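**Student:** Sequence:
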Amino acid sequence: MERTVSQKLTALLKMQSIDSKMDELKKMRGDLPEEVQDLEDEIAGYETRIDKFNRETKGWEDEISAKKQRKKDADKLILKYKDQQMNVRNNREYDALSKEVESEELEIQLADKKIKEAKAKIESKKGEIDKTKQILDERQKDLAGKKEELDSLLNESQDEETKLLKDREKQSKNIEDRLMRSYNKIRKNAINGLAVVSVKRDACGGCFNVVPPQRQAEIRERKKIIVCEHCGRILADVEEVVVEEKPKKTTRRKKAAK
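If you read the sequence shown in my numbering, its first letter stands for residue 11, the second for the next number, and so on.
Treat the hints as calculated values from the structure; they're not laboratory data.
Predicted model, so just to flag it, every value in this text is computed and none were measured.
From the three backbone atoms N, C-alpha and C, an ideal C-beta is built for every residue, glycine too.
Among the hints, a few may not be true.
[What the hints assert, rightly or not] Simulated DEER-style distance windows between Cβ atoms: (1) LYS68 x LEU120: 17 to 25 Å; (2) ASP93 x ASP122: 18 to 26 Å; (3) GLY155 x ASN194: 31 to 39 Å.
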């Protein structure tokens with residue numbers, strides 16, 4: 011069934027009321043949700059860094075093992091070449107074996123240098139790991155405290171928020187999709203989350219710019235959806251200002267002296 015403009019505006023006002031109440035609940039939580047998310051992201055970053063450091067350390071440890079094995083192989087070859095030198099037939103063969111021995115001795119020296127460098131890198135990286143773990147522990151304690159605080163606030167408002175979400179879902183069925191999309195878009199772009207407002211004291215309830223009398227008359231009629239020409243919010247109603255009359259002062263006549 012096609013709804014009248016007046017019914018649509020009433021439905022939008024109810025939706026805005028529900029969303030404003032939900033905004034208030036979120037406001038009570040302050041920046042806690044963002045702070046918790048930031049801490050979780052920071053902790054994930056530190057854990058990734060520690061994992062990277064451990065992989066680098068493992069790589070250097072593997073390199074040390076490989077170099078130590080290379081030294082053992084070189085020692086065996088040196089013994090082999092020296093044994094062969096005892097049975098050479100000429101100086102040429104002896105010199106060739108001597109060069110092989112020198113080559114393996116150089117390999118041992120190079121392996122020792124690489125092992126020393128790798129150990130220094132491991133020692134330095136372990137220092138970075140310890141420092142990062144210390145920061146990680148501090149952040150995890152901060153996160154636990156923030157989460158406890160946030161959970162406490164969520165528990166306090168959980169029932170109310172659940173009810174508001176149900177009310178919102180129910181109310182959204184009274185608003186056509188096209189109008190709901192427009193409402194959500196305006197609300198998303200509004201700093202205070204207000205997409206539907208009333209005219210108060212001749213001004214838009216969202217941006218507080220003056221709404222001309224003729225425009226206010228059209229809004230009162232509720233024959234079409236009107237938006238504020240300054241901020242684009244939907245103007246759904248005009249709040250009438252009731253001027254209270256001050257009681258008239260009564261003057262007492264003085265009694266004539268007898």
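**Student:** Decide, hint by hint, whether the structure agrees.
**Tutor:** Okay, the hints, checked on the actual structure:
The hinted range of 17 to 25 Å is satisfied by LYS68 and LEU120, whose Cβ atoms lie roughly 22 Å apart. Our hint of 18 to 26 Å for ASP93 and ASP122 holds, since their Cβ atoms are close to 24 Å apart. Our hint of 31 to 39 Å for GLY155 and ASN194 holds, since their Cβ atoms are close to 35 Å apart.
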